[in-house]
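Q: Kindly generate the complete structure, drawing on both the sequences and the hints.
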Amino acid sequence: MSSINNQSVRKTTEQIRAKFAFEKATLKKGKKEYCQKVQGITPDILNNGLLQTFAMYNTDTNGKLIVSDVQDWLFSEICNFGWGEEKKATIIETLCGCPSEKYRRAQVETLAFITWLKRFTKANEGGE
13 MSSINNQSVR KTTEQIRAKF AFEKATLKKG KKEYCQKVQG ITPDILNNGL
63 LQTFAMYNTD TNGKLIVSDV QDWLFSEICN FGWGEEKKAT IIETLCGCPS
113 EKYRRAQVET LAFITWLKRF TKANEGGE
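When we follow the numbering used here, the leftmost residue of the sequence shown carries the number 13, and every step to the right adds one.
FYI, nobody ran anything at the bench for these hints, they're computed from the structure.
Where a beta carbon is used, it is the ideal one built from N, C-alpha and C, also for glycine.
Be careful, since some hints might not be right.
Label-pair ranges, simulated between beta-carbon atoms [said to hold, decoys possible]:
#  : residue 1 : residue 2 : range
1  : Pro-111   : Asp-84    : 19 to 29 Å
2  : Lys-76    : Thr-38    : 31 to 41 Å
3  : Ser-80    : Lys-44    : 15 to 25 Å
4  : Ser-112   : Asn-59    : 17 to 27 Å
5  : Gln-27    : Gly-94    : 35 to 45 Å
6  : Ala-101   : Asp-72    : 27 to 37 Å
7  : Gly-42    : Glu-97    : 34 to 44 Å
8  : Thr-102   : Glu-35    : 13 to 23 Å
9  : Lys-76    : Lys-41    : 10 to 20 Å
10 : Ala-124   : Glu-45    : 22 to 32 Å
A: Have a look at this one:
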């Protein structure tokens, strides 16, 4: 019985990811351009690749905010990605030097995080 209680108290990775995205989206409430940019990032990542998309998004203010939000998640202790020595000052530098296995894992984790970020930014904008 105690193991059931422990499991109900423990949060899933999905819950933790959602909470982190909710906090980021709440800070951007009212920033319509940010919301619009977030809504379009998934196809950009799938069509162009993670690093290429981050490089492209890093050229404007709202894109930089999105890259920063993803970086905050991937570099956070709660994400527990395990970068080790590959971790550099920015996510772009880190992705440039990491093994392909971690690069692919970072892309999967980014897409999962972005899914929540899209939901919460859209909700903050009234679902429009």
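Q: Run the structure past the numbered hints and jot down the numbers of the failing ones, going up.
A: 2, 5 and 6
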